[in-house]
Each structure stands twice: as structure tokens, then as C-alpha cells.
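Visitor: Each chain is listed here by its residues.
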Amino acid sequence: MNRRKLLSLLGMSPALLAESRAAAQQKSASKAAAPDAGQGKITAVNPKGTPPPITLIPMAPRLDTLDGKTVYLVDTGFHGSDMLLHQVEAWFGRNMPNVTVVFRRKAGPYAEDDPKLWKEIKEKGNAVIMAVGH
Amino acid sequence: MGIPSAPMITKAFKDLAILNAAKRGMPHERICFTPHPVWGKTPDELRVYVDGPDPVSGKPLMKEIVDALTVPLSDDEKKSGIVSVSVGPPTFTDTADNLQEFYLNNGYTDFLPIILPTQEKVDAMLKGTGHKPDEVVGKMAAGAYPAWSYTVRQVAASAVMAGCRPEYFPIVLAIASSGVASLFSSTNSFAFAMIINGPIRDKLEFNYGIGALGPFAQPNATIGRAWTLMSKNLGNGGIPGDTYLGSLGNNLNYNNVVIAENEDASPWPPFHVQRGFKKEENVVSLFRGLGVVPGQVARGSSANENVQFDYQMSDLFSTFTGFFGALIIADPLVAIRLKEQGYDTKEKLIAWLYKNTTQTVKDYKSRNYAYLFEYPQALQGREPFATWYKLPDDAVIPHFPRPESFNIVVTGGQTNAYPQAGNLSYGVSVSIDKWM
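Line by line, the protein sequences are chains X and R.
Per numbering that gives the first Met the number 0, numbering of the first sequence is gapless, rising by one per residue and ending at 133.
Per numbering that gives the first Met the number 0, numbering of the second sequence is gapless, rising by one per residue and ending at 435.
Hints in this document: simulated from the structure, not taken from any laboratory.
One should not assume that every hint holds.
Keeping only pairs whose Cα atoms sit at most 27 Å apart, straight-line, the calculated DSS-like set for lysine-lysine is [said to hold, decoys possible]:
| # | chain 1 | residue 1 | chain 2 | residue 2 |
| --- | --- | --- | --- | --- |
| 1 | X | Lys40 | X | Lys123 |
| 2 | X | Lys105 | R | Lys13 |
| 3 | R | Lys40 | X | Lys40 |
| 4 | R | Lys58 | R | Lys40 |
| 5 | X | Lys105 | X | Lys121 |
| 6 | R | Lys389 | X | Lys105 |
| 7 | R | Lys364 | R | Lys40 |
| 8 | X | Lys68 | R | Lys120 |
| 9 | X | Lys105 | X | Lys40 |
| 10 | R | Lys277 | R | Lys338 |
| 11 | R | Lys62 | X | Lys105 |
| 12 | X | Lys121 | R | Lys77 |
| 13 | R | Lys338 | X | Lys68 |
| 14 | R | Lys361 | R | Lys389 |
| 15 | X | Lys123 | R | Lys62 |
| 16 | X | Lys105 | R | Lys433 |
| 17 | R | Lys361 | X | Lys105 |
| 18 | X | Lys121 | R | Lys62 |
| 19 | X | Lys105 | R | Lys40 |
Facing chain R, according to a computed beta carbon distance under 7 Å, are these residues of chain X, among others [stated by the list, open to error]:
| # | residue |
| --- | --- |
| 20 | Thr49 |
| 21 | Val127 |
| 22 | Val131 |
Glycine included, every Cβ here is placed at the ideal spot set by N, Cα and C.
Taking the hints into account, I'd like the entire structure generated from these sequences.
Guide: Right under this line is the structure:
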């Protein structure tokens with residue numbers, strides 16, 4: 000499924016998308032409304048809860064080039080992430096040797112924040128590659 | 000951070016990664032994908048991943064990563080502001096058959112027939128509580144997602160759909176107020192359980208006798224089901240690939256493990272009293288873990304032996320993941336026998352189990368959950384993991400990190416002395432009376 004279709008499933012409003020989930024649901028409901036003989040129509044409530052609005056975060060400006068820059072490789076702690084990132088590190092060594100690569104394992108279990116590391120990266124790094132989910 | 004980033008995710012989590020980034024404000028985040036899995040691959044195999052294509056886009060993976068960090072942003076990627084999220088119109092009108100189909104096709108159900116939440120039925124459910132229909136009950140998320148909120152009225156819809164009677168509604172509201180979803184995103188396929196304590200067990204005719212854990216009473220069946228429907232509808236859980244990733248799934252998720260404690264037949268204080276409530280209070284206590292297993296097949300269970308339930312349980316628990324706890328679900332005959340054998344309090348039995356359910360450090364370190372969750376804590380100096388990781392491989396350590404990992408509940412009909420056990424951790428106890 001492509002990104003646009005996925006995001007429409009999320010129900011994001013037409014400000015970002017051509018068609019919202021709500022509109023799709025209304026269409027779907029009326030499509031399902033071919034009444035069976037002898038059955039009257041009834042009304043039932045929508046059982047869904049209330050999702051929070053989404054605050055869009057502008058993405059950070061990109062770099063002109065990685066040449067001469069410092070890229071942090073951040074291991075989330077999932078099995079094999081460190082080995083994968085060491086292969087990424089080796090790739091930079093072979094293909095973009097002017098890039099300084101710094102490997103770090105994020106502190107704590109994977110779902111925990113690591114503000115100390117984010118501070119270090121902000122002070123000393125130019126970009127981040129983070130891996131990986133399983 | 001204000002620094003360009005390129006997240007790498009394995010292909011199996013494509014939808015999750017895109018949708019979760021969107022929910023957190025970056026619907027166009029430049030996510031790069033590797034083949035799946037990474038776990039268990041050799042360095043040479045991972046080099047092939049890195050030198051090869053992104054399996055989603057088909058482009059060379061490392062070129063995609065470099066581009067993610069260097070290609071200028073599009074207008075969409077620079078957007079800020081608030082975006083509303085719609086869940087559709089407040090009501091749907093159609094024939095009953097078509098509405099059943101519509102609710103099923105839109106993921107509102109557990110794929111079993113439901114009671115349609117008509118306005119009349121929802122209004123009747125609302126009479127089961129003194130709380131106002133528009134009162135906000137709480138927030139729920141099925142994992143590391145932004146939580147959804149819900150009102151008493153919205154909870155009532157799921158309670159109706161599950162087949163609850165209005166008098167069950169305070170228990171459903173108490174569960175909803177906990178914010179604990181019974182469908183969790185983990186790939187582990189979690190299971191959930193609840194213990195019901197207090198006079199409400201008799202008032203609503205919960206079954207805590209013969210077949211206590213089976214499909215033999217309406218409150219046991221429908222309140223557990225309501226938890227799962229709430230988790231889907233109020234917490235947006237249970238969407239495979241998005242908010243649910245359990246590889247195998249879990250059959251217990253249909254109505255969860257509902258345990259009304261057999262308080263009168265138990266030789267020990269009931270569970271909620273252990274948690275600081277009074278005996279006459281009505282309380283629901285929630286658990287999370289991996290499932291429930293039988294306890295009949297372990298040591299000392301032959302007909303001619305003096306059954307050693309303590310050893311039997313310890314054997315069983317040594318096969319559990321220590322990341323979750325151990326919930327002993329004891330028939331009253333088991334509990335009474337244990338008391339006769341000297342365990343006059345639950346605490347005494349728990350102390351024995353904690354001390355005698357052990358493992359070697361080598362075995363502990365080889366466990367998946369230890370590496371993923373406890374090794375990082377050991378590095379931060381958190382106990383007991385920091386000490387455990389410093390010990391030699393042949394050192395013997397407890398199988399569970401602390402005595403509080405064990406819990407005991409008594410239920411069942413005393414037709415035989417059989418225990419069951421959940422690899423389940425205690426989460427929270429919530430007053431039902433507050434939602435009357």
C-alpha cells in the first residue's frame with residue numbers, strides 16, 4: 000500500500016489529502032445501504048473514540064552534502080541493529096571516506112528517550128541514521 | 000533535534016513506520032527500508048542488505064539514505080500546523096443486516112456478531128452509571144502511539160456491542176478509566192487478564208465456581224469482550240500492521256482472561272485486599288503478559304504422591320519469560336492444601352517461589368527479553384540487572400527480578416486440585432464503585 004493510501008486510512012483531513020477517511024466511510028455506508036426486503040432502517044452510533052489532532056512538525060533542513068560532515072549512527076537496541084549499522088559504517092568507509100561516522104547505542108530499552116545522546120548529536124553531529132525495528 | 004535524520008526500518012514494519020511517523024507529525028518522513036529480518040543475520044548477509052536495494056522503493060538503499068539526508072525538502076515536508084483526524088460521522092443508518100456487515104468491514108468488531116449500538120441501547124447502557132454521558136473517562140493507546148480519548152457515551156457503545164447488561168457498565172467504565180488496552184502492538188502477541196473482587200461478583204452472578212475461566216456466565220463473557228472492543232474502538236488498537244504486530248496473535252484476546260475470585264473458598268485474603276482495598280469494595284485488577292498454561296503436568300502430580308504444588312509451580316515458572324510475572328490461578332483445593340503445607344499466607348508462598356525458581360546467568364543472558372529490555376537497564380546501573388550482568392555465567396540467580404513478580408488468585412469449583420498459571424504481570428487495580 001502506498002503512503003497516500005496509508006495516510007488516508009489514518010483519517011487525516013483534506014488539508015493534506017484529497018479524500019478523508021470520513022468521506023470514504025460515508026460513501027461506504029451508503030454503498031452498504033442496499034436494504035434487504037422487509038428490513039426497516041435503523042440508526043446505530045459510531046463506536047470510535049476521539050483521536051488527538053496531529054501537530055505537523057516541519058522536517059529539519061537537509062545538508063548540501065555529507066562530505067566533511069559527521070553522521071551519527073544510532074542503534075536503538077533491537078537485535079542486530081548494531082551489526083547492521085557497522086555495515087553502514089563500513090559502506091561509508093568504502094564509498095564516502097570524507098564522512099566522519101560515529102556509532103552510538105541509545106541508552107535504555109528501545110522505547111525510552113535518550114536526551115543526553117540527542118544533545119551530544121546536536122552539538123557534534125550534522126546528521127543521524129537510526130536503526131532498526133527488528 | 001533540528002538535524003536531518005534517516006530512520007532505517009525493516010520492510011515488515013513499513014505501514015507501522017509510515018503511520019506512526021504521520022501520527023507524530025511527520026507524514027512525509029523519509030523512511031528507508033531494509034529487508035526483513037535483521038535479527039539472526041551474519042555480517043556478510045547484512046552487507047548484502049546494505050549494498051542492495053530498499054525493498055520498498057527498489058532504489059539502492061545507501062543512495063536512498065544519502066538522499067534522505069541531502070535532497071532539499073519539498074513544500075509538504077516543510078508544513079506546520081494542526082491537522083484534524085476524522086473517525087467518520089456520529090451515526091450510521093441502514094438495515095440491521097447491512098449495519099452488522101458495515102461494522103465488521105470497518106474494523107469495529109472482533110469479527111463475531113455484535114449487538115448493534117442503537118441510540119436506545121446506548122441510552123439504556125448509560126443508565127447503568129451515575130456519571131454523565133459526556134464525561135471524559137480517559138485515554139488509551141495500544142502501544143507507543145498518541146492516545147485517543149473517550150467519554151462515558153463512547154464507552155457505552157462498545158459495552159452494548161459486547162453484549163453487556165447495563166448493570167455491568169461500572170466495571171466496563173473502570174477498565175476504560177485505567178487506559179490499559181487489551182490489544183497491544185508488540186510482535187509478542189500479548190494476552191490480558193482481569194481479576195474481579197468484591198460483592199459485585201455475586202450481585203452480577205459472575206461465575207467463580209465450576210468452569211470459572213470458561214464460557215459459562217454472561218458477565219465473565221461479555222465484560223472481557225468489551226475490553227477488547229474498547230481497545231479497538233476507543234484506543235485504535237488491533238489494526239494489523241499498524242497498531243497490532245503480534246506475529247501469531249493470541250486467542251485469549253477475544254474476551255481476555257476474566258477471573259472472578261472465589262473469595263469465600265479461599266484460605267487467604269482476596270486479591271484486592273492485598274492491594275490495599277477493603278473487602279467490601281468492588282475492584283477490577285488488570286494484568287498483561289503472554290498467556291495461561293495448565294499446571295497439572297509437573298512434579299509431584301501423580302495420583303499416589305503427596306502433591307508438591309510449590310515445586311510444581313516452580314517447575315512451571317522456570318519456563319516462563321521473567322520479563323513478565325507469574326500469576327498463580329489456584330483452585331480452592333490447591334490453595335487449601337498449600338495452606339495445610341505451611342503456606343499460611345500468600346507472601347510466604349511467594350517468598351519460597353522467588354527463592355527457588357532460579358536460572359544460571361548464562362541462560363539468563365541468552366534470553367531475548369534480557370538482551371532487549373534488561374541489558375540496557377544493566378548498563379544504566381538499574382538493579383537487579385546491573386548485578387546479574389556482572390556475575391559469572393555459572394552463578395545461579397532468581398528467574399524473576401523481584402518477589403512482586405508473583406501474584407496469586409483463587410477461583411474454581413473444587414472438582415479437583417488443579418492450578419493454572421499465567422505468564423502475566425500485575426498492572427493496576429481500579430475501583431468499580433467509583434463508576435456506579
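Visitor: Decide, hint by hint, whether the structure agrees.
Guide: Verification of the hints:
Using a Cα cut-off of 27 Å, the hinted pair Lys40 of chain X and Lys123 of chain X is violated, with the two alpha carbons roughly 65 Å apart. Distance check on the hinted pair: Lys105 of chain X and Lys13 of chain R sit about 22 Å apart at the alpha-carbon level, within 27 Å; holds. The straight-line distance between the Cα atoms of Lys40 of chain R and Lys40 of chain X is roughly 57 Å, outside the 27 Å bound, and the hint therefore fails. Of the supplied pair hints, the one linking Lys58 of chain R and Lys40 of chain R holds, its CA atoms being roughly 22 Å apart against a limit of 27 Å.
Note on Lys105 of chain X and Lys121 of chain X: the hinted pairing holds, with a Cα-Cα distance of about 15 Å set against a maximum of 27 Å. Straight-line distance between C-alpha atoms of Lys389 of chain R and Lys105 of chain X comes to about 21 Å, which keeps the hinted pair within the 27 Å bound. Taken as a hint, the Lys364 of chain R and Lys40 of chain R pair is honoured in the structure, with Cα atoms around 19 Å apart against an allowance of 27 Å. Between Lys68 of chain X and Lys120 of chain R the alpha-carbon distance is near 64 Å, which puts this suggested pair outside the 27 Å criterion.
A distance of roughly 56 Å separates the Cα atoms of Lys105 of chain X and Lys40 of chain X; the hinted pair therefore is violated under the 27 Å criterion. With a CA separation close to 23 Å, the supplied pair Lys277 of chain R and Lys338 of chain R stays within the 27 Å bound. A threshold of 27 Å between alpha carbons decides the hint, and for Lys62 of chain R with Lys105 of chain X the separation of about 25 Å falls inside it, so the pair holds. Restraint check for Lys121 of chain X and Lys77 of chain R: satisfied, since their Cα atoms lie roughly 20 Å apart, inside the 27 Å limit.
A C-alpha spacing of about 69 Å is found between Lys338 of chain R and Lys68 of chain X, which places the hinted pair above 27 Å, so the restraint is violated. Distance check on the hinted pair: Lys361 of chain R and Lys389 of chain R sit about 11 Å apart at the alpha-carbon level, within 27 Å; holds. For the suggested pair Lys123 of chain X and Lys62 of chain R, the alpha carbons sit about 24 Å apart, so the restraint of at most 27 Å is met. For the proposed pair Lys105 of chain X and Lys433 of chain R, the alpha carbon gap of about 42 Å is over 27 Å, so the pair is violated.
Note on Lys361 of chain R and Lys105 of chain X: the hinted pairing holds, with a Cα-Cα distance of about 24 Å set against a maximum of 27 Å. Among the hinted pairs, Lys121 of chain X with Lys62 of chain R is consistent with the structure: their alpha-carbon atoms are about 24 Å apart, no more than 27 Å. Simply put, Lys105 of chain X and Lys40 of chain R have alpha-carbon atoms about 21 Å apart, close enough for the 27 Å limit, and the pair holds. For the restraint placing Thr49 of chain X at the interface with chain R, the shortest Cβ-Cβ distance is roughly 5 Å, inside the 7 Å limit, so the hint holds.
This hint holds: Val127 of chain X has a C-beta 4 Å from the nearest C-beta of chain R, less than the 7 Å allowed. Hint on Val131 of chain X holds. Least Cβ distance to chain R is approximately 5 Å, under the 7 Å limit.
In this structure, the hints that do not hold are numbers 1, 3, 8, 9, 13, 16, in rising order.
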